[in-house]
Each structure stands twice: as C-alpha cells, then as structure tokens.
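With the first letter of the sequence shown counted as 1, position 46 gets the number 46 in our numbering; the numbers rise by one all the way through.
Just so you know, these hints were derived from the structure itself, not from any lab.
Quick list of the computed label-pair ranges, beta carbon to beta carbon:
hint, residue 1, residue 2, range
1, Trp41, Arg18, 19 to 27 angstroms
2, Asp154, Glu13, 35 to 43 angstroms
3, Glu36, Asp80, 34 to 42 angstroms
4, Val113, Ala30, 28 to 36 angstroms
Backbone N, C-alpha and C fix where the C-beta goes; we use that ideal spot for every residue, glycine too.
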Amino acid sequence: MSDELRLPLLRGERVVLRPAAEADVEPLAAILAEPEVRAWWGAYDAARVRRELAEIPTWAIEVDGVVGGWLHANEEAEPDYPSVAFDVLVSERVRGGGYGREALRVAIAWFAVARGHHRFTIDPAVENERAVRAYEAVGFRRVGVLRRYERGPDGRWRDGLLMELVVEAGPA
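The whole structure should be built from the sequences, with the hints applied where relevant.
Below you can see the structure in the form of structure tokens.
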C-alpha cells in the first residue's frame with residue numbers, strides 16, 4: 001500500500017465513480033451551493049473545490065451520466081495502521097435514492113480488494129441524522145462522539161460522530 005493513491009474508474013449498478021477532474025469543478029461547486037449541502041459543508045466556490053480536488057483523492061459520483069456528488073478518500077497507508085476515511089456528498093437532485101450509499105459500497109469493495117484495507121471511517125456531524133442513517137445502512141457503526149469537532153457554517157462548534165466499518169477482506 002505504499003504506492004501513491006491513484007483512483008480508478010469504478011462502476012456500480014447505478015453510479016460511476018471516476019477520478020474528479022477540472023471539468024467537474026463547476027458542477028461540484030454548484031452542488032456545494034445547494035442549501036442542504038451548504039448547511040453541512042459550508043461555503044465553497046470554484047477555487048476551493050479546485051484546491052480540494054488537487055489535495056484530496058476524489059471521485060466524482062456520476063448518476064445517469066451527470067455529476068451528482070463527490071467521494072473523498074483519505075488513505076492511511078502506514079502498514080501497522082491501514083485505513084481509509086471517507087467524505088461524501090450528493091446533490092439534492094439525487095438525495096434519497098441510495099446513490100451515496102452505493103458509491104461508498106463500491107469504493108469500500110475496491111479498497112478492500114485492490115489495496116488490502118479492512119477498516120474504514122466516516123465522521124458526519126452528530127446532528128446530521130440523514131447521513132448517519134445512510135452510513136449505518138452501509139454497515140458503519142457508531143464509535144463515539146468527537147466533541148467540538150468542526151466549525152459549522154454558522155460559526156458554532158459542532159460535534160462529530162466517528163463511525164467505522166471493518167471488513168474481513170483485508171490482509172491479516
């Protein structure tokens with residue numbers, strides 16, 4: 001797992017995960033400006049999206065050939081502490097259809113088989129009940145509350161919920 005992470009093109013039943021590119025900046029910025037997305041992610045413009053795409057391995061989530069969200073993947077490749085942390089968002093246009101859950105399942109399967117990972121984490125805001133339910137449906141379990149974990153768009157500190165998923169597919 002020591003090689004640099006290069007995300008491949010992955011296909012699920014209804015989603016395509018492809019490495020995010022410059023052409024995705026504007027569609028992703030538009031999704032991040034949607035009221036329900038902005039409530040959790042804060043203010044993004046094209047420049048901030050571009051910076052994150054350059055710094056964090058990110059898949060664009062395509063639904064019916066259109067960008068419907070993103071999936072960040074932060075890999076810890078240290079052999080004694082291997083894991084992958086995810087951040088995912090989907091557009092209001094596709095929310096509620098299970099596309100974010102499917103994207104996570106596809107990515108987890110790839111990381112388990114191709115990269116040998118067995119442990120995955122995600123950390124939504126405690127009060128983001130919709131996200132917590134979605135991650136539980138994928139198989140993530142609550143580990144604990146990270147107090148005053150992130151600053152929300154309103155400037156208040158809010159708690160995060162550390163969730164993990166452990167699979168048996170990784171190396172011993």
